Amino acid sequence: MRRCCWTVAAMGLMAAVGCGCLSSSSIRAVEATEEQRREYYNVSGAAVQGLPFDSRNYLQTNLLTGMLREAPEQLVHRLEREMEQEPSPFLLNVLADVCYARAQEEGDPDAANPYYLSAALGYYRLLFDPSLREVSRSRFDPVALRAVMRCNVAAGMVFDYLERHGLLERKAFSLPMADGRRVVFPESLQWKSVSLPKESIRKYRLCADFRTENLQHFSCEFGIGIPLFAEVVFPAEKENALKFPDGVVVPLTGVLSFSRNGREIQGRFQLFDAGKTDSCTIQGESVPLMCDFSTPIACSLNARKEPSVLWNTLHPDQDSGGLYTMMPYDPEKIPLVFVHGLMSSPRTWIQLVNTLMNDPEIRRNYQFWFYAYSSGNPVLVSARKMRDALDRTAERYGSHPRFHDMVVVGHSMGGLLSKTLIMDTGDTLLDRTLDRPWKEVKTGLDAEEVRSLEELGILKRRNYVARMVFLAVPHRGSELAEWGIAHFAASLVTLPVRMVEQVQRIAAKVLPNGAEREKMRKLYTGFDDLSPENPTLKLLAETPLAPEVPCHSVIGNNREPGVPGGSDGVVTYESSHLDNVESERIVKSGHSVQESPECARELVRILRLHLRRTAKNSASGLEKT
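Under my numbering, the first residue of the sequence shown carries the number 43, and numbering increases by one thereafter.
Worth flagging that the hints you see were computed from the coordinates, not collected in a lab. Hints should not be assumed to be uniformly reliable.
[Stated by the list, open to error] Derived lysine to aspartate or glutamate pairs resembling DMTMM-like cross-links, with alpha carbons at most 25 Å apart: (1) Lys375 to Asp433; (2) Lys234 to Asp221; (3) Lys427 to Asp401; (4) Lys280 to Glu263; (5) Lys285 to Asp251; (6) Lys318 to Asp221; (7) Lys245 to Glu211; (8) Lys481 to Glu437; (9) Lys234 to Glu281; (10) Lys245 to Asp430; (11) Lys375 to Glu263; (12) Lys484 to Glu437; (13) Lys318 to Glu374; (14) Lys481 to Asp466; (15) Lys245 to Glu279; (16) Lys213 to Glu263; (17) Lys580 to Glu624; (18) Lys502 to Asp488; (19) Lys245 to Glu327; (20) Lys285 to Glu374; (21) Lys658 to Glu584; (22) Lys375 to Glu306; (23) Lys502 to Asp315; (24) Lys234 to Asp152; (25) Lys245 to Asp152.
[Unchecked claim] Label pairs and their computed distance ranges (CB to CB): (26) Ser237 to Pro586: 19 to 27 Å; (27) Pro639 to Pro129: 24 to 32 Å; (28) Asp430 to Ala214: 28 to 36 Å; (29) Pro330 to Glu584: 34 to 42 Å; (30) Pro589 to His442: 24 to 32 Å; (31) Val492 to Glu374: 34 to 42 Å; (32) Ala278 to Asp433: 54 to 62 Å; (33) His207 to Glu241: 17 to 25 Å; (34) Pro184 to Gln232: 29 to 37 Å; (35) Lys502 to Leu187: 27 to 35 Å; (36) Thr585 to Val492: 18 to 26 Å; (37) Pro639 to Arg206: 39 to 47 Å; (38) His119 to His442: 57 to 65 Å; (39) Pro184 to Glu241: 28 to 36 Å.
Bear in mind that the values here come from a model prediction, so they are computed numbers and not experimental data. Glycine residues also receive a C-beta, built at the ideal position from the N, C-alpha and C atoms.
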């Protein structure tokens, strides 16, 4: 019982020293109500339910209100005839509103679909029909804005109908409208700017069917179309170090458009990759797309199956980490790699990624990668695994110029791992660790032992890393790691048996003193590596970073922003500060600095700066060539 209490207390400390991932773990998506589903498209506050005033007034003036309730089909036919006799944007708007209102009142979704389809066609014509454009109101008119939102709602309901009935991939089918005419869909779902293989799609889901919880803000763009996401499954590739997590989803936007082929009305659904484009062309005009980036992120967390952070930390011998991506590799985008801290997981980056996805420039130019690892392992072991994963990815994609513009963002312990990517130590680190020249020591070891130690202790700068960002990184350790409860937490870690045996075997060969061998073994956990007295940490702090790689520091001060000194509650300013960085930003925050809005703004600034610098360097290279 006593050990259990100590374990709980130790885990509380681990969560505090870690990334604050507990707040991120509460992010999720829940099923939306019918009212919430309709209001999803209502970003302006204008009504998306019922009859608007102008349409209601028209029906009342012409004594047609009762007909809407008692004979909606006859009312639609009457309005259609009036439109044929005298085409009018106003009358077309009334017709679309009537169909839309009737669809909302219909309890059966299949019975409502003809009305939604008629409404979508009416609003689409109102917005894009060239024959009505000259006499129609401004696109910025409230009526037009309402038409955009209602067109999106109606198109979303039609898409839902097609999904439920398995029609999205079928060619040459037709659907009835409210007046009895039919809309012909001559083609299956068309993909525009979508690089996904169709066989990877498991299911399409409308973003309007969900609402997010516990995200700091909602990342979206307003325009035409229906935000949705595809649930995808990618086959594992043994030769590819870049993995896809369980439950990965891809944000898309669907656009329902109409055209005429003689007297035949044709409809088409087109899909656009929301991460690549935020506009489409309709009637020769560029039109903004409605895009949603927050709902897909939240829904992906719902579906993702991950081992608990606690289990992963205490059992590094069963480490299932690696390098993960949210989307298939894009050679035209810069890899932005996030590395979490102690007692954490990639979930800790969700708030930040949600913010970054809302910036069109960043969204179009960066692809988001995440390195996951067990922080129970020693820092140098985790760093070696990370370098190996990135190196294997470089072997596959390193021929692409954008790959070599990589930006790495490390939080807390993740920053310690990350900075090994921009170090050139030679034998120095091993010499000082062993207190003997490495060249002498390795003569007494076998080939595998030499390789293992050199992979750990001889650090070489990776030329594909072009910029580094440190977030609340304990370069010189944290005093909390010296507390007795932290040592207890370290004792709970089950290190890989093979690793322990190898360390003991090497220690017996190179360290004749038994006390020294035991000391080496005791330091072999991630918790120990955060102690200010840890020899490995001290050596890493003294090792210079590659001067040609620009570095940035974002440091938390839980009392006062912009003032050097203080602490984020876990790491002091003195421990996080680095000389000779390109920029240093001190924000008011606890240790989970990656979740603060100020940190997000600073990272946006850095990433935009990086785009300008890399574009300039590319142009300079072309001129030289």
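We went through each hint and held it up to the structure:
no.: 1; hint: Lys375 to Asp433; verdict: holds (18 Å)
no.: 2; hint: Lys234 to Asp221; verdict: violated (32 Å)
no.: 3; hint: Lys427 to Asp401; verdict: violated (32 Å)
no.: 4; hint: Lys280 to Glu263; verdict: violated (37 Å)
no.: 5; hint: Lys285 to Asp251; verdict: violated (28 Å)
no.: 6; hint: Lys318 to Asp221; verdict: violated (38 Å)
no.: 7; hint: Lys245 to Glu211; verdict: holds (12 Å)
no.: 8; hint: Lys481 to Glu437; verdict: violated (29 Å)
no.: 9; hint: Lys234 to Glu281; verdict: violated (29 Å)
no.: 10; hint: Lys245 to Asp430; verdict: violated (34 Å)
no.: 11; hint: Lys375 to Glu263; verdict: holds (21 Å)
no.: 12; hint: Lys484 to Glu437; verdict: violated (29 Å)
no.: 13; hint: Lys318 to Glu374; verdict: holds (10 Å)
no.: 14; hint: Lys481 to Asp466; verdict: holds (17 Å)
no.: 15; hint: Lys245 to Glu279; verdict: holds (22 Å)
no.: 16; hint: Lys213 to Glu263; verdict: violated (31 Å)
no.: 17; hint: Lys580 to Glu624; verdict: holds (23 Å)
no.: 18; hint: Lys502 to Asp488; verdict: holds (22 Å)
no.: 19; hint: Lys245 to Glu327; verdict: violated (31 Å)
no.: 20; hint: Lys285 to Glu374; verdict: holds (19 Å)
no.: 21; hint: Lys658 to Glu584; verdict: violated (33 Å)
no.: 22; hint: Lys375 to Glu306; verdict: violated (42 Å)
no.: 23; hint: Lys502 to Asp315; verdict: violated (38 Å)
no.: 24; hint: Lys234 to Asp152; verdict: violated (28 Å)
no.: 25; hint: Lys245 to Asp152; verdict: holds (20 Å)
no.: 26; hint: Ser237 to Pro586: 19 to 27 Å; verdict: violated (41 Å)
no.: 27; hint: Pro639 to Pro129: 24 to 32 Å; verdict: violated (50 Å)
no.: 28; hint: Asp430 to Ala214: 28 to 36 Å; verdict: violated (51 Å)
no.: 29; hint: Pro330 to Glu584: 34 to 42 Å; verdict: violated (52 Å)
no.: 30; hint: Pro589 to His442: 24 to 32 Å; verdict: holds (26 Å)
no.: 31; hint: Val492 to Glu374: 34 to 42 Å; verdict: holds (41 Å)
no.: 32; hint: Ala278 to Asp433: 54 to 62 Å; verdict: violated (19 Å)
no.: 33; hint: His207 to Glu241: 17 to 25 Å; verdict: holds (21 Å)
no.: 34; hint: Pro184 to Gln232: 29 to 37 Å; verdict: holds (32 Å)
no.: 35; hint: Lys502 to Leu187: 27 to 35 Å; verdict: violated (57 Å)
no.: 36; hint: Thr585 to Val492: 18 to 26 Å; verdict: holds (21 Å)
no.: 37; hint: Pro639 to Arg206: 39 to 47 Å; verdict: holds (40 Å)
no.: 38; hint: His119 to His442: 57 to 65 Å; verdict: holds (59 Å)
no.: 39; hint: Pro184 to Glu241: 28 to 36 Å; verdict: violated (44 Å)
In this structure, the hints that do not hold are numbers 2, 3, 4, 5, 6, 8, 9, 10, 12, 16, 19, 21, 22, 23, 24, 26, 27, 28, 29, 32, 35, 39, in rising order.
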